[in-house]
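Let's have the full structure, built from the sequences with the hints guiding it.
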Amino acid sequence: MPLLTDCRVLDLGIITAGAATGALLADMGADVIKVESPTYRDPFRVLGSDTEDQVPPLFRATNRNKRAISIDLKRQDGKDIFLRLVRNCDVVIENFRRGVLKDLGIAFDVLRSANPHIILASISSQGETGPDANQISYGSTLEALSGLAWATGYEDGAPTISGRDVNYPDQIVAMFATGAIASALRAVRGGSNAIHLELSQRDLAAFMIGDRFAAMSTGHTVRRLGNAEPPYALQDCFLAADGQWLAVTVEAGDVARLMAALGPDAGQPLREKLKAKTAESPAAAMVSFLRDQGISAAPVETGRGILTGHGTSWSHAMLDFAGSTVKGFPLQVEEDPLSIRRPAPVIGQDTAQILKQIGGYSATEIDRFFADGTIEGPRANPL
Amino acid sequence: MMAASPYSGLVVVEAISDEAADALVLAAGMAGRILADLGAKVIRIAGRDRGFDPALDIFLGAGKEHRTGADPRSISGDADAMICDAGLVAQMGRANCPPLCAILSMFGGTQFGAGPKASAFTISALGGLLAMVGEPDREPLKLGGQQEAFSLGLSVYSGLAAALAAKDQARRTIHASLLEAIIWLNWKALPLDAHTDALPSRAGREGEWQILRCKDGYAALVYQEPEWPRLKQALSDPRLEAEKFATRPSRLLHATELAEVIESCFGDMSRAQIQALAKYHRLPLGPVWSLEEALQDPHNLARDLFGPLKNAVPEAKAPKLPIGWTGGEIRHQTEENGNAIAD
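Top line first, the protein sequences correspond to chains A and B. The first sequence begins at 1056 in our numbering and counts up by one. The second sequence begins at 5 in our numbering and counts up by one.
If you are wondering where the hints come from, they were derived from the structure by calculation, not from laboratory data. Heads up, a few of these hints could be off.
Here are some chain B residues the structure puts well away from chain A; computed CB gaps all over 10 Å [to be verified]:
#1 69
#2 72
#3 73
#4 91
#5 100
#6 113
#7 254
#8 297
With a straight-line cut-off of 25 Å between C-alpha atoms, the simulated DMTMM-like cross-links for lysine to aspartate or glutamate are [claimed, not checked]:
#9 B:248 / B:210
#10 B:283 / A:1158
#11 B:45 / B:82
#12 B:219 / A:1158
#13 B:171 / A:1086
#14 A:1157 / B:308
We put the beta carbon where it would ideally sit given N, CA and C, even for glycine.
Given below as structure tokens:
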């Protein structure tokens, strides 16, 4: 059976960091319920959408495999409904601005009162505490603050960030938070009481260069190296005759063989010989040549070029589902394969069903909540 | 920061064969490091000397039991889980591996456990991540440190953690490849619908978000549409009121000019002043701290982020495992009445 069978998640997560965490839990078999409000939507419902899509691409990619409910958590009735659902759930995920959960009256202590075994995963930019905890930030802000930007860059250049289209800390935290939630779930299933997980993207970005901090603190100079990386004799990108960049890693033990293969030695260093040879060769031919010499080499792919390896060198990181491309999985489980079972929901798609099934509300009560605006049924994007 | 031990009593073997790529050693090291910090007994079987920076061994080896040159078969029989590569599983036979096994590979698809020789760098190229960082008129640029391998380590940890949380605790085999992990985290670089024309690549100085010089170093210019009016207000520079900066599409067209204007504003400000300005105006600007500065940063000190590394020299410091874990008291079932008592 799927790994996280019988795990139910209330997913208040938005954009990437929160929503992708819920998506990965859903992929692993959890019943993940996306919680939105008549007055607040996941910004991915509108970001990057210039079409009439009911479910726009960014939202669709990170929210497939989830059910959806819409409750006005600012109303007492809405909060009561949410807490009644909490009683029958295992995990709550949130990545709001710090303080929002408390302002809504659903902070950890309240959730724990409703369910003494609940796991609250708070995925934040900079943690719950510390002088910068309330500072607004996005992923690349945290690259700067964590030291990762300082460690990234051309050898002769400035610090560098991954930028808006990667927003690296937002991506890695989803993998990490999924693991942390599963670790807490094991603890609760083993007899622990409620757990509040505090997951800071800034802290994680720093942890991901932990070896650089270890080097610096033990007296070693740490500086930006461009694409170079010990212990390799040479690692960099070279421009091919057809305008495509190639990435090449040469190990120390391969230098003599490669030098010989590149032609007569006129005293040029390996970098110059490789650069010259690449500049006169089409990329595919040069990759072939280098691989034949036992060298790691690959074209630097962009956009649709990445798709050329689908089926051969990768298969499930992105998937086609119901006629759309959605985010897939970073891993697979042989005995219980992760799969996409349902498309991303429209707003409030499953509100009535969830109130009845998990909250135990009667049809009359549900009708009343719909009528007074406490809950919201299925409706098209955006607001 | 972290006091819980959900994996107390769990034995994990971390072993990557000598034939496997370096990145798999580092990825397995990261996954094992996290499990060790969460209470597992992680036995790391070191293979051949790969010439890694010693700091990698210090950081990834913390809290583990190290055995050099040991035969994994002699240890795996008593282990609950194993982090390994496809070559090692082929040698041992899956039946001789622990019930839970995470198998790492550079490639996925039909090339899982096979494929051409590759490094983390060349896999980053194939996954498009390399193309996303750096200046458009220069060579693509890798992220600092070991981001590709460590990301695979996070992926492996998530899979193992989910399997260890499963109610049935059945035998499971996790397949985790570096290329799948890179594409998964670089998902916005791929076309999400058929009519996507412009796909992103590295923008450098033409980027909406970028690093700019300031009085005493560098700061990250980061903002979304809602922050633009506050950014203008904070910088109080009349040049920002120009028509060409009025809308996002127009700002993107004139991104280099915009960066020059903002950089000239930053030129009179230190990073500390930019951070204060960002806090006051609720802007997501970020001063670029060096590693030394991050170590002494008041926020990091208040959070007790850095600590010594187990098994290392006392002066070695690195960020602790970034999981804050509160609550989680263990309930004891009393034999008499079955009531739960919290510690």
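Here's how the hints hold up against the structure:
1. 69: holds, 19 Å
2. 72: At roughly 18 Å from the nearest Cβ of chain A, residue 72 of chain B sits farther out than 10 Å, so the non-interface label holds.
3. 73: About 20 Å separates residue 73 of chain B from the closest Cβ of chain A, which puts it past 10 Å; holds.
4. 91: The claim holds: residue 91 of chain B sits with its nearest Cβ about 17 Å from chain A, beyond 10 Å.
5. 100: Given a closest Cβ separation of 16 Å, the condition holds.
6. 113: violated, 4 Å
7. 254: Non-interface label stands for residue 254 of chain B: nearest chain A Cβ at 16 Å, farther than 10 Å.
8. 297: Not fine: 8 Å to the nearest Cβ puts residue 297 of chain B too close to chain A.
9. B:248 / B:210: Cα-Cα ~15 Å, so holds.
10. B:283 / A:1158: It holds: about 21 Å lies between the C-alpha atoms, which stays within 25 Å.
11. B:45 / B:82: holds, 12 Å
12. B:219 / A:1158: Between residue 219 of chain B and residue 1158 of chain A the Cα gap is close to 39 Å, so the pair fails against 25 Å, i.e. violated.
13. B:171 / A:1086: holds, 15 Å
14. A:1157 / B:308: Since the Cα atoms of residue 1157 of chain A and residue 308 of chain B sit roughly 24 Å apart, the hinted pair holds (cutoff 25 Å).
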